[in-house]
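Trainee: Residue numbers (my numbering), protein chains in the order written: chain A, 1 to 351; chain B, 1 to 351; chain C, 1 to 369; chain D, 1 to 369; chain E, 1 to 82; chain F, 1 to 82.
Hints are computed from structural coordinates only; laboratory data are not their basis.
Some hints here could point you the wrong way.
[What the hints assert, rightly or not] Residues from chain F shown here face chain A by an in silico Cβ test under 8 Å; the list is partial:
no., residue
1, Leu3
2, Val12
3, Phe25
4, Gly26
5, Val28
6, Arg29
7, Val50
Every residue, glycine too, gets a C-beta built ideally from N, C-alpha and C.
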Amino acid sequence: MTIVDPAAGSCPVLLPESERVLLGHGSGGRLSAELISEVLLPGLGPAAPGGPLEDAALVTVGGCELLLSTDAYVVDPLFFPGGDIGALAVHGTVNDLAMRAGLPVALTVAYVVEEGLPLTDLRRVAASVGAAAAAAGVPVVTGDTKVVGRGAADRLFVITAGLGRRLPGAAPTAAGARPGDVVLLSGPIGCHGVTVLSTREGLGFESDVASDSKPLHRLVADMIAAGGTGVHALRDPTRGGLAAAVNEIAAASGVGVELVEAALPVPEPVRAACEMLGIDPAYVANEGCLVAFVAPERADAVLTAMRARPEGAAAVRIGAVTDGGPVLVRTMVGARRVLDLPLGEQLPRIC
Amino acid sequence: MTIVDPAAGSCPVLLPESERVLLGHGSGGRLSAELISEVLLPGLGPAAPGGPLEDAALVTVGGCELLLSTDAYVVDPLFFPGGDIGALAVHGTVNDLAMRAGLPVALTVAYVVEEGLPLTDLRRVAASVGAAAAAAGVPVVTGDTKVVGRGAADRLFVITAGLGRRLPGAAPTAAGARPGDVVLLSGPIGCHGVTVLSTREGLGFESDVASDSKPLHRLVADMIAAGGTGVHALRDPTRGGLAAAVNEIAAASGVGVELVEAALPVPEPVRAACEMLGIDPAYVANEGCLVAFVAPERADAVLTAMRARPEGAAAVRIGAVTDGGPVLVRTMVGARRVLDLPLGEQLPRIC
Amino acid sequence: MRYLDEYRDPVLARALLSELGRVVTRPWTLMEVCGGQTHTIVRQGIDELLPDGVRMIHGPGCPVCVTPLEVLDRAMAIAQRPGTILTSFGDMLRVPGSRTDLLALRARGADVRVVYSPMDAVALARRTPDRQVVFLAVGFETTAPANAMAVLHAAALGLTNFTVLVSHVLVPPAMTAVLRAPDCRVQAFLAAGHVCAVMGWTEYEPIAAEHRVPIVVTGFEPLDLLEGILMAVRQLEQGRHEVENQYARAVRRDGNQAARQAISRVFRVTDRAWRGIGTIPGSGLTLTDEFAAFDARRRFDVGHLLVREHPDCVAGDILTGARTPLDCAAYGTACTPRTPLGAPMVSAEGTCAAYYTAGRRAVPPTGVS
Amino acid sequence: MRYLDEYRDPVLARALLSELGRVVTRPWTLMEVCGGQTHTIVRQGIDELLPDGVRMIHGPGCPVCVTPLEVLDRAMAIAQRPGTILTSFGDMLRVPGSRTDLLALRARGADVRVVYSPMDAVALARRTPDRQVVFLAVGFETTAPANAMAVLHAAALGLTNFTVLVSHVLVPPAMTAVLRAPDCRVQAFLAAGHVCAVMGWTEYEPIAAEHRVPIVVTGFEPLDLLEGILMAVRQLEQGRHEVENQYARAVRRDGNQAARQAISRVFRVTDRAWRGIGTIPGSGLTLTDEFAAFDARRRFDVGHLLVREHPDCVAGDILTGARTPLDCAAYGTACTPRTPLGAPMVSAEGTCAAYYTAGRRAVPPTGVS
Amino acid sequence: MCLGIPGRITEVERCDGLRTGTVDFGGVRKQVCLAYTPDAGPGDYVIVHVGFAISVVDPDEAARTLAVLRAMDGVLEQELGP
Amino acid sequence: MCLGIPGRITEVERCDGLRTGTVDFGGVRKQVCLAYTPDAGPGDYVIVHVGFAISVVDPDEAARTLAVLRAMDGVLEQELGP
Ligand code: SF4
Ligand code: SF4
Ligand SMILES: [Mg+2]
Ligand SMILES: [Mg+2]
Ligand SMILES: [Mg+2]
Ligand SMILES: [Mg+2]
Ligand SMILES: [Mg+2]
Ligand SMILES: [Mg+2]
Ligand SMILES: [Mg+2]
Ligand SMILES: [Mg+2]
Ligand SMILES: [Mg+2]
Ligand SMILES: [Mg+2]
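Work out the full structure, taking the sequences as your base and the hints as a guide.
Mentor: If you want it as structure tokens, here you go:
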């Protein structure tokens, strides 16, 4: 039936059929970066934001320094150990504000609901949004709800936007890392991604791990109180994991980074799941930790401040900023290798 | 096979199987209102916004009066005469800010993309977001993109949030209408909804109508310049149409309204499509007009200011606010009938 | 729009109302048979403007309202079968069966789709050869030619995945049933213009003669209805009981021959249950044996369905004009469009829903002020 | 994790490296056959730490990389048939065929799903009786028992909607092919521990004897690899050429009898094309006639497929160890994981991709500093 | 029952053996089955129900009805005075 | 090739006529086919590849290998001094 014409282009990625959005474009890795830089930002034209891609945008209105951020949440399953899509949507946006030293002032929430969703599920997610917002001390000031036909969405998407007020005394930015900076990580990695993966059809496994979803703005406030302008850059390593976060900061700042693999806090079940699936914990998503690039003279003070808060109790030093070059990892046997941006989605390997 | 047990509950709506989200819950009508008041707001708990449901929320930060709004756009088709999902997402949020006298300062945009969307479509939507934002004079300061698997979304959803600065000199609110107010409409109704309906499978018809999608903040600025605090309430009659907008304002303000059916500007093809489908143009969605409740002594000045702008060139007086009671329409033959909130989705009728 | 706008002229409407006021000398009770006419009357508030004593009661002419519960339950049972696409007109989707409605079934995963025309269902069957497409074919004589053509066309195309669940009803037997009801108050009928566009009006002549009621074939626009009422009242005042044709621009005495032929080829007359009323002999259409292969009842065995209406609902009296919705204890309280207890509250052209939507409850609007 | 963490101890790794340094007296070239071992070596930078002169070259042991283009194109042709679900291991989905890959096909609407185990594909077939579930069954001897069991289990369940597209390969013939290549530089092999866990090592004894090469059955952790290298180098230094077992905790001389029986019941040996290398006699497995009903090739006629590899790609030389990726002109420029020209750039355990991901390009990291 | 609206035929064709055509309803155009109005052609108005023309509008009858109504209005105006 | 990781059997059962069981990998539990390790029971470690136990870990051999390596390290330490 099908005869593959050997005269046809031999480079598959340039064929027109590839000119479609792939799941990997949403992975937070290289494909995501390409989608943003080659499709979305050029499309926006003059209305597009300038400068490096930040977790939140700085907007000055009448002398007030404000931060604005948005994220869409499409997690499957809606409910998982350690959280649900509603809490995630609050924490994610609160955290994106926090990564630029923003304290949350107000949230908006939009729901895209698939026809047929049990009302109890929607009520439960709304309650979780409310509880997470209350716990973070931020009101949900407005919202929107759309219902789409059966099969036109995967049950429920939650999209939040956040308005923040910038904490005085610091201005962390993705471009702020400098050679010599100490790289700090606020807690263990991989829990969120492994928790969600464990429910996937065909991968199904049980584990004792729960999502780390939590708000980090109070941790950031304490870090800035301790480190002031020495807190150069902050990022929450969500999609694409620690590898993507560190690569993004390094690229935006024009520096290199060297991490120490043995220093990365990877909980046992996360490591086990990653071994099983053949994926690297550094590429797995987190929703409740941050990576900080701090001036060396402030690093100890910041680390102490972090450890004084529950969400930073397990904070560790994981590496340092170098003059340039790629993000490197010192391996367990003492060699170095590049820790690159992931390409697309993490797929389980057989070998 | 199936035996319907006559002893089972005879009231179908209380059966558990109805406890699911229906398409009608997204219609902007009574089901939508119920979903918000009975599921979403109670869920939010203490984090929920108080007061009437407004197009945008007022947030005061460091003495600045700011407005915040969000909307999710799920329109099918993505591209239609007069606009596309990208322009719509900009105009809709700009307009929601404008309905509370907000001038847009910054927008955020989130995309939820179905795997397989042609990149050209995404590029075209992004370009339309950019062009619409530039035309409205507002930057897109930050964004987010998620990709979901094939069949987990209907090609593309666009979710915008907007930050606005309140125009000095007026404070329109959904609760602001007062008996005696004049009801003004900025332009013809039904064009957007009919344009979109005309592409529906099974309803397919061709028409000369195009969406009215456009930004209204400059119109509002001129209205407020002319009417000041006499501009009591504004609403853009989107989902649920004029009927929903007027009912919502009447309910929030605790007043009645009497509209004159003959005064409603319904373009010929909109009327024709509505006749064909057996639906009422007052229930059809708009994306480029507003309804204003204005103190009688300012009404002429506001109407003149509206007509001086292209987006208000066809502005008309369509009724007046009464002391209480339902929203009434004076029919063509001179009787009155209630113009209620629609229930759920508008379905074509055979009779 | 030509042939619509002219018949909505408010000046002429006032002229007709004045003329009606001059003609009327005593109370008369008229029934418009058709739900579409009910819709116009209530939506425009025409009945509020009629001279004192001229009263409109609303007949059983809403196909959505009179479709039996058993048919709805059957449609829903079929829709739940895997591989099936159930199609119908938009207004059928909200009608409650015994336990749920088609919109709620769709939300639970059934493939239920709105079509504008039965031919769209045929086209869908052609496009999806691996699915069974079922069209829930309801309607009066007006819709029967369309549904007949869908079957004829599916047969011509040799489709084996298209069937119809037929629940067609006929107007004249229903009018006779209304007239034979012991508490019948109807003194004249406005006959449904579009039914007559297909069938003509010869069937009405024996009814008018036997029951001594004027019958006026009437259109759907405000002026049509006012003129139809005027013509009927004139007959009543003059003691006549004839069939007259107000809707002459669209209706001929013998109707539409081509359409009638298609109906009689595809369908035969049968007894039919009317929701809320009960069975009326010879009041329905069913497929002839020639087209039995297109009968969804035969194709899909969903067993015997036992059904029961809500005990508080007086839909039967509403549909025969014995009562108005305002006479129903449940109206506006237990029974609203959001929580319908009976079919007349469901579709926009159902009498109870038309009343409710027009606000005929807490604050009854008054006439011209 | 027990039996993993112990074999990652950095102190013992340094001890092994020191010992190796003491043992080596002259340059030696070793090949690890297995892609999983390549992955550990490159990811941990083990080869960077080896004493001068000890050089690892990477063998053809990546099942994803050696799956012929023809098989991929066939899988994609099958995936495009309506009603079909194509399943495979995650790393097969990104491998480019002649025109596209399975992930891109999925984006265009094909139903392509990742499974963790072939048994998951069987379970899927059971759950979706109206769909044809095809499992793209690739792998070495390690995976063959699992794929065999999937066929046996589907047969036991009487499934008629489950088939496998088999492209199994065998290690010993590939090692022989490497050794027979005219420019072969391999002086010793690390044999793949998990292959041997299934098959044992008796097949390797004649190879070691005939070609006078040491073969050390080796595990996958850093200490395993270092010890395997040390054992092989000791043999080389001592002029021995035996089969030794470093991975004694998991591998026995005769392998796993139950697993071998299942393989030989379901599969028979056949000639097999290796992507980038060409056909190697007796180097593959195919279904026996008893299980022909489960053969996707027979079930789905997608015609004769003509395929051609990219002319710049030297994958054959990479896979046989004749060259390293750094010797390929396209490496890192025209050919990257984003734009792979050949299979070794596609899967994480492909040699070219392993090099690229570890950053062996613009800035080659140096050893311990 | 039976929503039917008048529209003007702009084109007639055959499609799958059926007489069909385009009908314009004040700026909205739809494909309609014309099998039941075999004599109607472009320019004629038909009443369309669920995608089928069920009747051809008779312009003379339409004019006559309106004339009667307008006359009635004229009589009224005369009676009430200008 | 052939990602395989060691895990501890915690439960053995039969499912659809197959020997299966739960294997714990450091806090992650997965159902695994045990048909090819007929003698392995709870407490035993098996090497699992694509959902199949392909080999039982021999604890004595494992200990022996490690002892050799540790001895090598001890020798080194001795050589290099404390
Ligand atoms: S109001 Fe409701 S309960 Fe009463 S007759 Fe009408 S449908 Fe039945
Ligand atoms: S680098 Fe690319 S082109 Fe070169 S051998 Fe490897 S896969 Fe082939
Ligand atoms: Mg972030
Ligand atoms: Mg964000
Ligand atoms: Mg974020
Ligand atoms: Mg909204
Ligand atoms: Mg879904
Ligand atoms: Mg609005
Ligand atoms: Mg809004
Ligand atoms: Mg809006
Ligand atoms: Mg984001
Ligand atoms: Mg879709």
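Trainee: Would you pick out the hints that fail for this structure and give their numbers low to high?
Mentor: 2
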